[in-house]
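Modelling step: build the complete structure from the supplied sequences, incorporating the hints.
Residue strings, one per chain:
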Amino acid sequence: MNTPSILDPRFSILIVLALLTAPAQGQDKDSTLTIGSKKFTENVLLGWMGTHLLQAQSIPATHREELGGSRFLWEALVRGDIDAYPEYTGTLRLEILADRSIPPHPDSFRAALAEIGVGMTAPIGFNNTYALGMRADHADSLDIETIRDLRAHPDLRLGFSNEFMDRADGWPSLKRTYNLSHTARGVDHDLAYRGLATGQLDVIDLYATDAEIKRYDLRVLRDTKQYFPTYKAVFLYRRDLQTRVPGAISTLRRLEDRIPADTMQVLNARAKIDQTDGSQVAARFVNRTFGLATTADPDTRWERLRRYTADHLVLVGLSLGLAILLGIPLGIVAAKRRFLGPTILTVIGVIYTIPALALLAMMVPPLGLGRVPAVTALVLYSLLPIVWTTYTGLKDLSPPLLESADALGLPAGAKLWRIELPMAARSILGGLKIAVVINIGAATLGALIGAGGYGQPILTGIRRANLGLILEGTVPAGVLTLLALSLLEGLERALLPRSMQS
Amino acid sequence: MNTPSILDPRFSILIVLALLTAPAQGQDKDSTLTIGSKKFTENVLLGWMGTHLLQAQSIPATHREELGGSRFLWEALVRGDIDAYPEYTGTLRLEILADRSIPPHPDSFRAALAEIGVGMTAPIGFNNTYALGMRADHADSLDIETIRDLRAHPDLRLGFSNEFMDRADGWPSLKRTYNLSHTARGVDHDLAYRGLATGQLDVIDLYATDAEIKRYDLRVLRDTKQYFPTYKAVFLYRRDLQTRVPGAISTLRRLEDRIPADTMQVLNARAKIDQTDGSQVAARFVNRTFGLATTADPDTRWERLRRYTADHLVLVGLSLGLAILLGIPLGIVAAKRRFLGPTILTVIGVIYTIPALALLAMMVPPLGLGRVPAVTALVLYSLLPIVWTTYTGLKDLSPPLLESADALGLPAGAKLWRIELPMAARSILGGLKIAVVINIGAATLGALIGAGGYGQPILTGIRRANLGLILEGTVPAGVLTLLALSLLEGLERALLPRSMQS
Amino acid sequence: MITLDGVRKEYENEVAVRTLSLQVPPQQTTVLIGPSGSGKSTLLRLMIGLITPDAGTVTVNGQPLSDANVQALRHRMGYVIQEGGLFPHLTGRDNAALMAHHFGWSQARIDARLNELTDLVQLNPDRLSQSPSELSGGQRQRVSLMRALLLDPDVLLLDEPLGALDPMVRADLQDDLRTIFRRLGKTVVFVTHDIGEAGFFGDHLVLLRDGAIEQQDPMPALVHDPASTFVTDFIDVQRAPLDHLGDENRE
Amino acid sequence: MITLDGVRKEYENEVAVRTLSLQVPPQQTTVLIGPSGSGKSTLLRLMIGLITPDAGTVTVNGQPLSDANVQALRHRMGYVIQEGGLFPHLTGRDNAALMAHHFGWSQARIDARLNELTDLVQLNPDRLSQSPSELSGGQRQRVSLMRALLLDPDVLLLDEPLGALDPMVRADLQDDLRTIFRRLGKTVVFVTHDIGEAGFFGDHLVLLRDGAIEQQDPMPALVHDPASTFVTDFIDVQRAPLDHLGDENRE
Ligand SMILES: Nc1ncnc2c1ncn2[C@@H]1O[C@H](COP(=O)(O)OP(=O)(O)OP(=O)(O)O)[C@@H](O)[C@H]1O
Ligand SMILES: Nc1ncnc2c1ncn2[C@@H]1O[C@H](COP(=O)(O)OP(=O)(O)OP(=O)(O)O)[C@@H](O)[C@H]1O
Ligand SMILES: [Mg+2]
Ligand SMILES: [Mg+2]
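Protein chains in written order, with my numbering: chain A, 48 to 549; chain B, 48 to 549; chain C, 5 to 255; chain D, 5 to 255.
Simulated from the structure, these hints should not be mistaken for lab results. Treat the hints with caution; some may be incorrect.
[To be verified] Pairwise CB distance ranges, derived in the manner of DEER restraints:
#, chain 1, residue 1, chain 2, residue 2, range
1, D, Gly66, C, Arg113, 32 to 38 Å
2, A, Glu162, D, Ala76, 55 to 61 Å
3, A, Glu142, B, Arg269, 52 to 58 Å
4, D, Ser70, C, Arg186, 30 to 36 Å
5, C, Pro68, B, Thr390, 32 to 38 Å
Heads up, the beta-carbon is just placed ideally off N, CA and C, and yes, glycines get one too.
Right, dumping it as structure tokens:
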């Protein structure tokens with residue numbers, strides 16, 4: 048047999064290697080910085096600021112917005128999925144480096160972080176700590192400036208978010224620390240601002256940079272006993288940037304000490320309450336502050352398409368490659384082993400049984416967000432047609448022909464390779480085609496867990512009932528499927544002997 | 048050939064017939080009433096009231112909540128998908144029966160509706176019209192009770208939702224009608240209440256039964272010129288209920304004139320602001336008003352499971368049945384017709400290419416919500432493996448055997464039936480198995496467009512990050528897949544000749 | 005009954021049948037002999053319309069073969085292909101009775117006919133419930149023969165139908181078949197590599213060579229009046245059964 | 005070289021080989037004959053370990069067949085199954101040279117060996133580039149034979165290897181094969197339904213009946229000293245090629 052089969056594992060391994068090393072967003076990892084940000088407005092704005100600043104210095108940078116929570120971003124940074132992201136010192140101390148009990152001084156963090164290969168800028172300025180607030184006019188009228196001043200007014204109505212009410216370091220301990228006599232009640236956080244505005248509440252808990260502080264003209268009560276930990280915003284970055292992208296770190300450090308709390312409040316309000324595009328809010332700020340002229344045009348359609356395509360290709364390519372590498376051997380084992388066979392087929396059926404949506408949701412706790420769980424889920428999905436058609440393809444071979452192969456004294460491996468797989472190739476290729484189609488379709492769900500791809504415009508489009516956006520994902524997914532299918536057909540034509548083609 | 052093949056179309060037709068006639072929610076259509084409701088709190092509450100009242104009269108009734116907008120519910124009612132739903136006279140006049148320009152008197156509706164087989168109760172009480180409102184204390188202090196009274200206070204700050212600002216029958220025309228001199232500004236509707244509360248706005252537009260009216264102690268200004276159309280709530284019902292479910296209509300009519308606007312405001316506030324379960328709010332109201340003792344326990348887990356299963360089975364059964372009926376013939380045509388074949392395969396590939404999520408979203412505009420678009424999408428999805436494996440199964444048959452069949456003088460149909468399909472049966476059954484698995488998984492997405500099924504707890508579970516709920520959908524979907532697969536295996540074993548089994 | 009007129013058939017890489025004309029006389033047995041690859045099977049396939057000639061016409065019962073009539077004509081023709089062509093998904097019985105089921109015969113009629121046929125081909129009726137893959141080569145060949153004979157066709161096209169049979173069954177079947185063919189006046193085209201069998205069956209023998217007819221005649225004419233030395237060589241070459249009894253090479 | 009000792013093989017519904025012992029003498033040709041279904045193919049399958057006996061042992065070259073040694077032993081055995089068993093996805097050439105590719109022969113060596121073999125089996129080398137489905141029955145059989153002979157095995161198990169060949173090629177091949185078998189001292193087990201062929205090849209004939217050995221002897225002993233009338237019937241029944249020349253039934 049001198050026609051190399053596309054079932055040759057070397058072929059698949061090459062694909063997978065190529066894709067595993069393909070960087071996120073389809074860009075060149077080494078020279079492009081990836082800034083991450085957490086899932087809330089302020090952090091996204093900071094992410095954009097960093098990105099715009101870098102771009103203004105002609106340092107290629109992309110921003111992966113709204114990736115998830117602290118844990119996830121930290122892991123992504125350490126693994127190198129992202130190069131920098133905005134973090135808060137309090138979070139660092141109390142969550143990320145919690146088991147090291149580091150004294151609350153930035154320099155002690157620095158040392159701990161450096162060990163892990165992570166650097167930290169000086170604080171950007173504001174301290175987004177937990178705080179208590181009340182209407183400014185009300186505070187003025189009662190002459191209240193600090194938390195301690197509340198003591199003089201035990202009749203004030205305090206309403207705190209349920210979380211703050213319950214937490215050990217929340218209200219009960221605050222009450223003790225400042226020796227307050229008030230009783231507080233739990234309110235929904237969204238309703239708390241309203242309650243303050245309508246006068247049903249006098250004091251609520253808030254974050255020091257909340258957009259609503261400006262909007263409702265609130266006073267943040269000073270925490271004279273430093274009861275609340277400091278949450279100064281900083282940028283964390285990978286220390287290898289120093290050599291990898293010279294100038295990147297110093298550019299990020301230009302933000303140091305540039306954003307006082309009230310500025311951040313205004314920016315937050317602009318993004319959150321006026322619904323201005325976050326990238327634009329950040330760009331305007333950066334331009335004004337540093338005298339730059341960054342434009343924050345939203346990506347053109349082509350740029351977006353390129354990005355979605357790159358992400359989708361990585362998802363599809365990786366997961367299909369792995370599914371082939373796993374699926375064909377599993378199908379072979381299923382066909383060859385009398386008792387293991389049915390078990391394998393059933394287990395794979397059961398996995399498939401888990402709806403894509405739920406599978407993705409279940410992947411997140413163990414694997415976090417992003418590409419890893421998405422690829423894992425997609426592999427599990429693409430396995431079924433590959434394994435099953437490999438199985439039936441091998442099982443359907445004619446017994447006299449198998450007997451002939453045995454009689455030649457071909458060892459099991461060579462028999463599989465030279466006789467069985469080639470004769471089952473049409474069936475296996477059929478399964479591959481189904482897998483390709485399933486995979487490309489299912490990969491659109493990857494956007495649900497932050498893996499990007501064509502699902503991103505589709506999801507947004509569905510939420511906004513915007514057909515244009517939906518098509519922006521659907522049409523290229525369709526084109527991609529057709530391309531993949533004709534590639535497979537081409538391979539089939541090139542590699543299958545004439546007599547086995549339809 | 049005397050073993051009847053499961054490919055016998057009579058078999059599939061039976062399944063489809065059985066399922067097409069299977070009623071929604073797996074219950075008996077003739078004796079069970081289905082109440083629908085629109086997608087907002089008040090309408091859902093009214094739906095629950097009707098449902099609880101009926102159930103209290105021992106009339107089996109189910110409530111399909113939050114089905115969609117007016118158009119959709121109206122169509123569903125006319126088609127008989129639901130038997131009754133709460134509607135507003137203004138909507139009837141201005142949207143549903145708009146092209147008939149009916150005078151604004153209930154009796155003239157009645158006649159028009161009766162022609163279509165739809166009946167209407169008398170108004171339930173309140174008039175949920177558009178209205179202007181201001182803070183009660185403020186209104187009192189200025190002595191404002193009607194819209195006309197605003198004229199005396201041209202310095203009041205008016206803030207209206209953007210929609211009201213723009214619409215021809217909105218602010219511009221209201222201003223003319225009442226000869227007002229104010230300038231109004233557009234505000235986000237959510238912020239309008241806040242603006243009122245904080246004193247930044249004095250007058251806003253609202254609905255007469257809005258939950259916030261009670262909450263913020265607002266005054267609804269009387270519309271003395273009857274500028275705003277009346278939106279009295281009524282129940283629309285199918286007139287065939289009269290004979291089909293005696294007593295149902297008179298039970299619904301017990302709600303007539305029972306709910307004044309302020310009562311509805313309180314109920315809305317309870318459901319919307321206090322987040323109390325809608326069914327319970329409605330039950331408590333019904334019990335108090337009519338001296339009943341309906342319990343509105345949320346369904347037990349088993350009841351829910353039964354309902355999801357029934358819905359899911361209908362989705363899966365119908366769509367698989369149709370996919371088989373369509374797919375096998377398509378696969379046959381693809382295998383037989385030289386030029387049509389590739390076209391069919393490609394078109395089906397392209398359809399599959401559309402991600403499930405997007406396909407469902409695209410189904411909604413032409414087909415509305417619910418089971419029809421879900422089944423249509425699922426059929427399109429299940430087609431691919433069936434058509435493709437039928438195609439390869441037929442193409443892979445050995446030429447000498449086909450020659451033998453020809454030589455016998457078997458006509459094409461009999462050859463197909465007696466020789467080709469049976470020999471391709473293993474391949475086709477393989478495709479069927481893949482289709483079953485794909486279908487059951489994809490059907491969970493049906494919940495996105497109101498078709499129910501196991502997707503419902505999964506979606507809710509994902510939104511609430513509640514693993515228990517996710518499992519409530521995932522586990523039975525898995526079990527269902529396994530059952531379906533072993534059913535197919537059983538059929539395979541029973542119907543395929545021994546020599547063709549693996 | 006079957007006439008080939010100026011028929012020619014070419015495959016991708018070669019000519020299988022060169023332009024030739026052939027009359028298959030009705031109610032007689034015509035035997036096709038000739039070297040491997042000389043076009044015997046191709047001729048049979050042309051006669052039953054499985055392949056269409058590149059040139060010339062095939063006429064059966066006076067009708068030129070066409071898509072419109074080929075189906076009906078085939079019901080009056082029985083065909084056994086070289087490898088049997090039994091359907092793997094059907095038992096021996098269902099293979100043999102396929103067309104009876106198609107025409108909706110009663111079970112009793114089918115059973116009766118199968119009994120006649122198992123007698124004729126000397127097959128143990130129990131074998132009929134086995135699948136083709138569970139039968140020996142000779143058993144398979146006899147089931148193929150049953151299938152071809154089922155509808156009692158006027159014309160039989162048999163491509164080495166007895167090749168895998170043991171000599172005893174083969175001799176018996178030769179006798180029985182020839183008797184039937186003659187008594188019932190069947191038109192038979194028979195391909196065989198066994199010259200003894202060819203002479204036994206053939207009212208008329210057609211010797212093919214490279215897709216052309218080398219000579220067509222009754223056996224005695226082939227022997228006594230050969231058209232070329234090839235004819236003589238071809239006919240004389242086969243070893244008689246007990247030829248080598250006195251072979252001096254034997255120890 | 006091959007010994008069957010108390011071997012028995014039963015299929016689901018019947019006994020294919022009743023308990024029997026058989027010595028296949030080395031460097032000689034043993035011919036298995038017998039009625040269809042008497043167990044000839046089953047015996048060959050037992051000898052090459054494709055099926056394992058229900059009782060008894062099969063010994064090849066002094067080693068009892070086992071999973072451990074069967075692979076290696078098969079490289080020294082060539083086997084042609086009744087229907088050829090060519091792989092449809094490979095051309096004639098790749099079918100024939102399969103094991104050469106497996107053992108990594110050079111292309112030159114493969115070509116040379118294939119040339120020898122096409123000469124031997126009298127196949128036009130151009131045919132080798134065709135797929136099995138594009139070959140005539142006799143051409144297929146010769147490719148199968150080439151595949152079995154490729155590695156120049158000591159033992160050859162041939163199940164009606166010449167059945168589909170025309171008489172001329174068959175006679176030539178018989179001569180050539182017998183010469184080779186004798187000169188190179190091959191151990192051959194040969195199944196045929198042709199008594200002439202059996203007598204020509206067989207140093208030793210084994211007549212099977214219903215899965216048991218009816219008689220095993222050289223041809224002269226079978227003729228002159230038959231164990232039963234069945235033996236005589238079986239051997240005498242085949243029609244000699246020109247038997248019926250003077251047949252009085254002929255018109
Ligand atoms: N489908 C095909 N494609 C290409 N060539 C073919 C095809 N079928 C037959 N041939 C060629 O046509 C020629 C005649 O084949 P045919 O099968 O008619 O021979 P035959 O006389 O029946 O031979 P045999 O006695 O070996 O069965 C052969 O050389 C063969 O290779
Ligand atoms: N896989 C099988 N399952 C069941 N029965 C079988 C199987 N293979 C062979 N047999 C039976 O075993 C018996 C011997 O078969 P075998 O193939 O050995 O006969 P043979 O002597 O080679 O006959 P032939 O001359 O017709 O090829 C036959 O009756 C056959 O029906
Ligand atoms: Mg032939
Ligand atoms: Mg045999």
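Taking the hints in turn, this is what the structure says about them:
{"no.": "1", "hint": "Gly66/D with Arg113/C: 32 to 38 Å", "result": "59 Å, violated"}
{"no.": "2", "hint": "Glu162/A with Ala76/D: 55 to 61 Å", "result": "60 Å, holds"}
{"no.": "3", "hint": "Glu142/A with Arg269/B: 52 to 58 Å", "result": "56 Å, holds"}
{"no.": "4", "hint": "Ser70/D with Arg186/C: 30 to 36 Å", "result": "56 Å, violated"}
{"no.": "5", "hint": "Pro68/C with Thr390/B: 32 to 38 Å", "result": "35 Å, holds"}
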